[in-house]
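Enquirer: Listed here are the chains, written in short residue letters.
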Amino acid sequence: MKAPFSPYLAGIKDGLRLIIAELDKKYDYVSVLATDSTGLSARISRHSRSVSDATMTTERGIVVRVAKDGLYSEYAFNDFDPARAAEKASEIAAELDADLELLRQNGVEPYETGVLSDDPFTLFVEMETERLPETTDVKALVDDLVAISDRGCTLDERVIECIVNAQSTHVCKMFLTKNRDLSQSYVYSEGIVVPFATDGEKNTDGYDGVSGLCGPEIFDRLPDLLDKCVATAIELLGADRVEPGEYEVISSPEVTGLIAHEAFGHGVEMDMFVKNRALGKDYIDKRVGSDLVTMHEGALCATDVTSYAFDDEGVLAGDVTEIDKGILRSGICDALSALRLGVEPTGNGKRENFEHKVYTRMTNTIFDSGESTLDEMIASVKYGYLLEGMESGMEDPKHWGIQCIIKLGREIKDGVLTGRVVAPLIMTGYVPDLLGSISMLSRDREVFGNGGCGKGHKEWVKVADGGPYMKMKVRLG
Amino acid sequence: MTDRIAQRLKSSGVHAWEISDETTRGREYYFIRHRLDQNRIKDVRHIKLTVYETTDGGETIGSASAEVHLGADDAQIDRIIKDLSYRAGLVKNPYFKLNPPVVSRIEGEAPDLDGICGAFLTVFSQIPETPGEDVNSYEIFVRDVRRRYLNSNGTDVVLRYPTSMAEVIVNARSGGHEIELYRNISSGECDKKRISDTVAEAMRLGSDRLRAQPSSFSGSVPVVFSSAEARGIYEYFLDRLTPDMIFRRFSDWSLGEQICPDAVGDRVTVRTLAFLPGSSSNFAFDDQGAPVRDELLMEAGVPRFITGGRMFSYLMGIEGSFKPTNVVFEGGSKSRDEIMSGAFLEAVEFSDFQVDPITGDVFGEIRLGYMHDGKGGVTPVTGGSVSGSMNDFLKNMTMSVETISDDDMVFPRYTRFEGVTVA
Numbered sequence: 172m173k174a175p176f177s178p179y180l181a182g183i184k185d186g187l188r189l190i191i192a193e194l195d196k197k198y199d200y201v202s203v204l205a206t207d208s209t210g211l212s213a214r215i216s217r218h219s220r221s222v223s224d225a226t227m228t229t230e231r232g233i234v235v236r237v238a239k240d241g242l243y244s245e246y247a248f249n250d251f252d253p254a255r256a257a258e259k260a261s262e263i264a265a266e267l268d269a270d271l272e273l274l275r276q277n278g279v280e281p282y283e284t285g286v287l288s289d290d291p292f293t294l295f296v297e298m299e300t301e302r303l304p305e306t307t308d309v310k311a312l313v314d315d316l317v318a319i320s321d322r323g324c325t326l327d328e329r330v331i332e333c334i335v336n337a338q339s340t341h342v343c344k345m346f347l348t349k350n351r352d353l354s355q356s357y358v359y360s361e362g363i364v365v366p367f368a369t370d371g372e373k374n375t376d377g378y379d380g381v382s383g384l385c386g387p388e389i390f391d392r393l394p395d396l397l398d399k400c401v402a403t404a405i406e407l408l409g410a411d412r413v414e415p416g417e418y419e420v421i422s423s424p425e426v427t428g429l430i431a432h433e434a435f436g437h438g439v440e441m442d443m444f445v446k447n448r449a450l451g452k453d454y455i456d457k458r459v460g461s462d463l464v465t466m467h468e469g470a471l472c473a474t475d476v477t478s479y480a481f482d483d484e485g486v487l488a489g490d491v492t493e494i495d496k497g498i499l500r501s502g503i504c505d506a507l508s509a510l511r512l513g514v515e516p517t518g519n520g521k522r523e524n525f526e527h528k529v530y531t532r533m534t535n536t537i538f539d540s541g542e543s544t545l546d547e548m549i550a551s552v553k554y555g556y557l558l559e560g561m562e563s564g565m566e567d568p569k570h571w572g573i574q575c576i577i578k579l580g581r582e583i584k585d586g587v588l589t590g591r592v593v594a595p596l597i598m599t600g601y602v603p604d605l606l607g608s609i610s611m612l613s614r615d616r617e618v619f620g621n622g623g624c625g626k627g628h629k630e631w632v633k634v635a636d637g638g639p640y641m642k643m644k645v646r647l648g
Numbered sequence: 056m057t058d059r060i061a062q063r064l065k066s067s068g069v070h071a072w073e074i075s076d077e078t079t080r081g082r083e084y085y086f087i088r089h090r091l092d093q094n095r096i097k098d099v100r101h102i103k104l105t106v107y108e109t110t111d112g113g114e115t116i117g118s119a120s121a122e123v124h125l126g127a128d129d130a131q132i133d134r135i136i137k138d139l140s141y142r143a144g145l146v147k148n149p150y151f152k153l154n155p156p157v158v159s160r161i162e163g164e165a166p167d168l169d170g171i172c173g174a175f176l177t178v179f180s181q182i183p184e185t186p187g188e189d190v191n192s193y194e195i196f197v198r199d200v201r202r203r204y205l206n207s208n209g210t211d212v213v214l215r216y217p218t219s220m221a222e223v224i225v226n227a228r229s230g231g232h233e234i235e236l237y238r239n240i241s242s243g244e245c246d247k248k249r250i251s252d253t254v255a256e257a258m259r260l261g262s263d264r265l266r267a268q269p270s271s272f273s274g275s276v277p278v279v280f281s282s283a284e285a286r287g288i289y290e291y292f293l294d295r296l297t298p299d300m301i302f303r304r305f306s307d308w309s310l311g312e313q314i315c316p317d318a319v320g321d322r323v324t325v326r327t328l329a330f331l332p333g334s335s336s337n338f339a340f341d342d343q344g345a346p347v348r349d350e351l352l353m354e355a356g357v358p359r360f361i362t363g364g365r366m367f368s369y370l371m372g373i374e375g376s377f378k379p380t381n382v383v384f385e386g387g388s389k390s391r392d393e394i395m396s397g398a399f400l401e402a403v404e405f406s407d408f409q410v411d412p413i414t415g416d417v418f419g420e421i422r423l424g425y426m427h428d429g430k431g432g433v434t435p436v437t438g439g440s441v442s443g444s445m446n447d448f449l450k451n452m453t454m455s456v457e458t459i460s461d462d463d464m465v466f467p468r469y470t471r472f473e474g475v476t477v478a
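Quick note, the sequences are listed as chains X and B, same order. Each residue of the first sequence is one higher than the one before, counting from 172 in our numbering. Each residue of the second sequence is one higher than the one before, counting from 56 in our numbering.
Warning: the hint list may mix true and false statements.
Derived DSBU-like pairs: lysine-lysine, alpha-carbon spacing no greater than 30 Å straight-line [what the hints assert, rightly or not]: (1) B:Lys147 <-> X:Lys399; (2) X:Lys310 <-> B:Lys152; (3) X:Lys173 <-> B:Lys248; (4) X:Lys239 <-> X:Lys196.
Since the hints were made in silico from the structure, they are not lab data.
Make a model of the complete structure from these sequences and hints.
Expert: Listed below in structure tokens is the structure:
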């Protein structure tokens, strides 16, 4: 079935067009992004169970963007009566004028920017889904999640808790200008299983998840994750600490994705180029990795949680080759930054929600596959680790440092897994050194869309990342 | 509209309910150097409804929640209530009651947003800069928040308060090499002195980062945390003192029992305060309508009061619980010189310093540190990581007498861990 576009948004469209028409009399550029994203979230554990309509990206609201004399301003609100659209337009203009007066009184000058293009374009997209979060059988879902959680708590007496979370979001967005009319509707979903174990001295957890550009039907796959997650949590109780140092490692696809995202993806978000906050700016068309390294980024690169038709600035989704055989070719760019840099936007302008500003943000960030098998890669390691489980990471675009927290490493000695596990791990280093050391890539490739991405320590958005198994040299602690 | 929703709920027959009604009026300014990239205004209101239903003859209770969009009519509200009632009946938790009734409808005056915004604009425009050290960019967020909470027990409380945040990037450069440091300053209104001091200190550290050498040490060393980055260490204690963590056995701490009996260093004493000057968290009530007050949480490593959200507090039989807002950790026993003695790594700045409250794992990539060789030599370093476990560090953690303030928390200025893995 097609995910039906929001009747609420359809119903306020004429009112928003009136706002645009009124504001167009005063401003050089006017656009409106209206959102109505609904969801279902079920959080089930041994000790706490609840159901909610709120997920990471549910929202309903409107943000108006205007430009005048080189300055861009925005007004975000969620109380809108289409019958009073003209009044709302006046109110918006008056409040922005008052704010500009305050800024003038304080001697503030604008970072003068040209006018965004407003080429005519119309798009209406309703993407396919099997089920919708708003109409799914909640009882059946809750019963299934409870069964997973209950079973998880019985698989081993050391398991003290088993959290199962399932979230599904029906995203509807409408972007309007005088000449553009874009509407999209799609559903994405994600679920995780997280058992916690203790031996009285130490607490551990295992986790795995599912995600996709689809509806709650994806949660049917959650039971299959449980046994492995519990086994991991138990295995980690006996894990050693790694001897700090530099190692040959093979990253699982999930860790490969973390590296793509943290070590490189953030580094070429071009709003940082505008501020001279990214080393990547000086490396366009220069080598940043080995010949094996090719990386893509864009909403069209994969089908997962952030595979939209257009971004929050009305720019169509893209597919950018960021690195081509080790050479940095391009970053990704929101529309305003593109205007300032004199490049084309890439469809990566995203807001946390309508209340937040647009930044250049990632969508799907993926390393291309290679030619090796995992067995060949393991056999090639004299001493090192197979890294599994993505915990977290932090970007450092200015200095190209790396911080990735990895759940565990499986020891490899003379080309064979020994059975010894070290955990947890922090991977650090310098991005070009890491990418330059990549020597083997597997043929397969996976993409992961659980969790969220921050810009620094705020502005949370959905992203997906991934790639193949990847052999390289890194520093572990 | 909230009163209308409450009336519909009262006649609906649901077992219990809560309404959270929050209105935010805000201004935002984004600067590239000192030029305005963008200004934003927001005027939003969110009404969240939670319905509770009992099952199994009252032995269990479940909840479901949803946002009621502005403009919803009575029929739409009734449909939401009915849907939530059904969903709440699908999930079962041990029975608990919502917070007892409190009524407080006294709102503070509307914050002077123009005045607060003006103060931010002024302080940033007056930051002393040199060709070698300046401000790269900054973002200013100022909010007027009105929050109302009601529940079926009769609680109806209103709070109105300003909240602000500034995020600033500082550059330091020399000989064609440039670095940046990031700072985030949260407060109620504009804390001009804290902003000026924070940025000035960042610029001083920036010049050290410029000459920092890549960290080549690998092994086990003492680490002294000498900046607001240490906040993560103290949040670990707060997290593990909550009913949520203890009931679920993520934390094995309990009232009256020493958390680390074989500790030979300093032991933690912490109290929560309803009011802390300059804090962005000076609230009379928490978000579940519980009155906030001053309480001693831990004394010399012994938990004295476990407090937090309503559900697990009730299940643990804790009377008068609330979610702590401001917290003050007492200083330890050591002078600065005693803490900073011998050979150690002084860690000032991390990419993302993390302390996991469930596992106790500690991580951070070093953006700026100082290797002290114990003979007076101090070398700025960058790169590499610190890691380890609070289970180990608690045994001989030492803290300075001197404390520092970071918005809603006060904690020791210097904290020393022994045997930290540096890679």
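Enquirer: Of the hints stated earlier, which fail here?
Expert: Hint 3 alone not satisfied by this model.
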